[in-house]
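Novice: Below are the chains, spelled out letter by letter.
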Amino acid sequence: MSLFTPLRNPANMFTALVLVIFALTPFVAPLIGESFYITVFARIMIWAIAAVSLNLIIGYGGLISFGHAVYLGIGGYTVGILAFHGVESAWIQWPLAIGISGLVALIFGAISLRTRGVYFIMITLALAQMIFFLAVSAERYGSDDGLNILARSDFGVSFFSLQDKMTMYYTIFAVLVASVLVSWRLVNSRFGVVLRAAKSNDARVESIGVATYRYRLTAFVIAGMMCGIAGLLQANLEGFISPDMMNWPRSGELIFMVVLGGMSTLFGPVTGAFVFLMLSELLAGWTHHWHIIFGPFLVLVVLFARGGIAGLLSRGVRRG
Amino acid sequence: MLEVRGLEASYGESQVLFGMDFSIGAGEVVTLLGRNGMGKTTTIRALMGILRPDRGRIMFDGLGIYGLPSHKVAQAGIGLVPEGRQIFPNLSVRENLIATARPRADGAGENWNFDKVMDLFPALAPRLESAGNQLSGGEQQMLAVGRALMTNPKLLVLDEATEGLAPLVRQEIWACLAGLKAAKQSILVIDKNVAALTRIADRHHIVEKGRVVWNGTSDELRADKALQERYLGV
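First to last, the protein sequences are chains A and B.
In terms of my numbering, the first sequence has 181 at position 181, counting the first letter as 1, and numbering is strictly consecutive.
In terms of my numbering, the second sequence has 72 at position 72, counting the first letter as 1, and numbering is strictly consecutive.
Don't read these hints as lab results, they were simulated from the structure.
Just so it is clear, CB atoms sit at the ideal spot from N, CA and C, and this is done for glycine as well.
Do not take every clue at face value.
Residues of chain A placed beyond 10 Å of chain B at every Cβ, according to the derived structure [said to hold, decoys possible]:
#: 1; residue: F27
#: 2; residue: L106
#: 3; residue: L162
In silico lysine to any residue, SDA-like type, Cα no more than 25 Å apart, as pairs [what the hints assert, rightly or not]:
#: 4; chain 1: B; residue 1: K181; chain 2: B; residue 2: E83
#: 5; chain 1: B; residue 1: K72; chain 2: A; residue 2: S189
#: 6; chain 1: B; residue 1: K72; chain 2: A; residue 2: T115
#: 7; chain 1: B; residue 1: K72; chain 2: A; residue 2: A110
#: 8; chain 1: B; residue 1: K72; chain 2: A; residue 2: A211
#: 9; chain 1: B; residue 1: K184; chain 2: B; residue 2: G62
#: 10; chain 1: B; residue 1: K72; chain 2: A; residue 2: A203
#: 11; chain 1: B; residue 1: K154; chain 2: A; residue 2: A203
#: 12; chain 1: B; residue 1: K72; chain 2: A; residue 2: R114
#: 13; chain 1: B; residue 1: K72; chain 2: A; residue 2: L106
#: 14; chain 1: B; residue 1: K116; chain 2: A; residue 2: N188
#: 15; chain 1: B; residue 1: K184; chain 2: B; residue 2: T198
#: 16; chain 1: B; residue 1: K72; chain 2: A; residue 2: L217
#: 17; chain 1: B; residue 1: K72; chain 2: A; residue 2: R116
#: 18; chain 1: B; residue 1: K72; chain 2: A; residue 2: D202
#: 19; chain 1: B; residue 1: K72; chain 2: B; residue 2: G27
#: 20; chain 1: B; residue 1: K72; chain 2: A; residue 2: G62
#: 21; chain 1: B; residue 1: K116; chain 2: A; residue 2: F191
#: 22; chain 1: A; residue 1: K165; chain 2: A; residue 2: S89
Chain A extracted, bound-state conformation (with noise of 0.2 Å):
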């Protein structure tokens, strides 16, 4: 299978379309008048990013977990306390961030992955609590008010610097491109192969041979250091952390992104990154009240569009 296979079927096509939209965007919204856009196009490529990664553990390895947020915190609040104590190359705070997210996310797996179905989800949620409320109680990191960042991730060079609008706007684009095809190679090699079998039975992926604990604990360090990513562009384009970024219901956005946008499904994430935040976007514009009209709508999107966007565009095709 070419990577342009999957362009064929409309909800790729869609998602394309999204891709599209994203790169063109700081030369289109100035046009328009509208550069606010790029800003907010960057914030949803972040969280896409995220979802991207959360994707792989609950799409592909069935773990539903309810913490997945807390890798944005710890991979922001790496960048923000290294600033704080005046530590600005990026070649320092961005391997420490991955780092140390995917440590976080071995400890939390290795305890977490012991458990299945609503005790998983729990115990995730417990985990990354945990890391909020270590957050909420650092008082020299700002506690609940967060941190501000003076400046963005120094690179060291000249040519390549993430105070320049465009450039923190592509690095982003990049990071995103780069976590789709990242997720695309793993999901179709043999360990994602693993990873999907023991979603659909577990005992008999064990009966057949293959512990598949290692299998998903590794799926579950590597979401969380993508994810981590995700938290350290969040930090640098925000110039600003706080607990708010990995309290418990950014984690349940997080799943919702996932599920609208159409689980275990390539580039399902990005348009349900995209979906949710316009959405909600556009809805707050209107009226004070959209929670009222935007909570129903995902109740309905559960409900009735099972598998997604990508699952009902699909199914569109299939009619028509």
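Chain A is already provided as a structure; the job is to place chain B on it using the hints.
Specialist: Same frame as chain A, now just chain B:
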């Protein structure tokens, strides 16, 4: 190669196996026979470590595998074709075959690989990219056998090898097992079709209420109509 002694197992409070004894030699094809509910599948589950046995001894190739987790048992070299085939519905045929593939545990002999499985079951070739749940029952059974062979087992275990399959497909499965036997593959098989089994298998065990009540060769079984009537008739 495999020696099971005094194997006991239960589901919760109710004991199902009351001391199963049987053995399989290298290159042998051996059966477990008996009516439904006598403990044949439970024996396989306890053997594979899917069900935790209560008591007994299981030696496989000089290794005690009693009570090991199922992936260790499988890695020791037992390839299971479970009842109801149990292929992965969300994986393609090709993915079903490669997901759990591995070379022989002892490194000896010739390995099964993707191409050889395709030679054995040419019917699967046009379905390679189909999802597992789009296959017919016969194709699923071939896939399940192929999946087990891809783990290069020293002992192949088939639980209800031909249950629910059309007569022609059954013939194909039996022919395949005969071919594997000719290639010196050790096989433990459960099935209801005594006539077909006596043609292929070397020795048989009749299981009644969690015990082996009779064992003997195909000729002995074929000759003893009363025995068949008593334990296997419906």
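Novice: All hints, please: hold or fail.
Specialist: Cross-check of the supplied hints:
With 10 Å as the threshold on Cβ separation, the claim that F27(A) sits away from chain B holds: the shortest Cβ distance comes to roughly 40 Å. Even its closest Cβ contact with chain B, about 21 Å, leaves L106(A) beyond 10 Å, as expected for a residue assigned away from the interface. Interface exclusion of L162(A) from chain B stands, the closest Cβ pair being 40 Å apart, more than 10 Å. A C-alpha spacing of about 21 Å is found between K181(B) and E83(B), which places the hinted pair at or below 25 Å, so the restraint holds.
For the hint linking K72(B) to S189(A), the alpha-carbon distance of about 23 Å falls within 25 Å, and the restraint holds. Proposed proximity of K72(B) and T115(A) is supported: the alpha carbons are some 20 Å apart, at most 25 Å. Restraint check: the Cα-Cα separation between K72(B) and A110(A) comes to about 20 Å, which is no more than 25 Å; the hinted pair holds. This hinted pair checks out: K72(B) and A211(A) have alpha carbons roughly 8 Å apart, not beyond 25 Å.
For the given pair, K184(B) sits about 19 Å from G62(B) by alpha-carbon distance, which is consistent with the 25 Å threshold. Among the hinted pairs, K72(B) with A203(A) is consistent with the structure: their alpha-carbon atoms are about 12 Å apart, no more than 25 Å. Note on K154(B) and A203(A): the hinted pairing holds, with a Cα-Cα distance of about 21 Å set against a maximum of 25 Å. Simply put, K72(B) and R114(A) have alpha-carbon atoms about 18 Å apart, close enough for the 25 Å limit, and the pair holds.
Annotation: proposed proximity of K72(B) to L106(A) holds, straight-line Cα distance about 24 Å (limit 25 Å). With a C-alpha separation of about 23 Å, the suggested pair K116(B) and N188(A) falls inside the 25 Å cut-off, and the hint holds. With a C-alpha separation of about 17 Å, the suggested pair K184(B) and T198(B) falls inside the 25 Å cut-off, and the hint holds. Distance hint between K72(B) and L217(A) is fulfilled; the C-alpha atoms sit about 19 Å from each other, no more than 25 Å.
Taking the CA atoms of K72(B) and R116(A), the gap is about 21 Å. The hint holds against a cut of 25 Å. With a C-alpha separation of about 14 Å, the suggested pairing of K72(B) with D202(A) holds against the 25 Å cut-off. Straight-line distance between C-alpha atoms of K72(B) and G27(B) comes to about 22 Å, which keeps the hinted pair within the 25 Å bound. For the hint linking K72(B) to G62(A), the alpha-carbon distance of about 23 Å falls within 25 Å, and the restraint holds.
Taking the CA atoms of K116(B) and F191(A), the gap is about 23 Å. The hint holds against a cut of 25 Å. About 18 Å separates the Cα atoms of K165(A) and S89(A), which keeps this hinted pair within 25 Å; it holds.
The earlier numbered hints are all upheld by this structure, with none contradicted.
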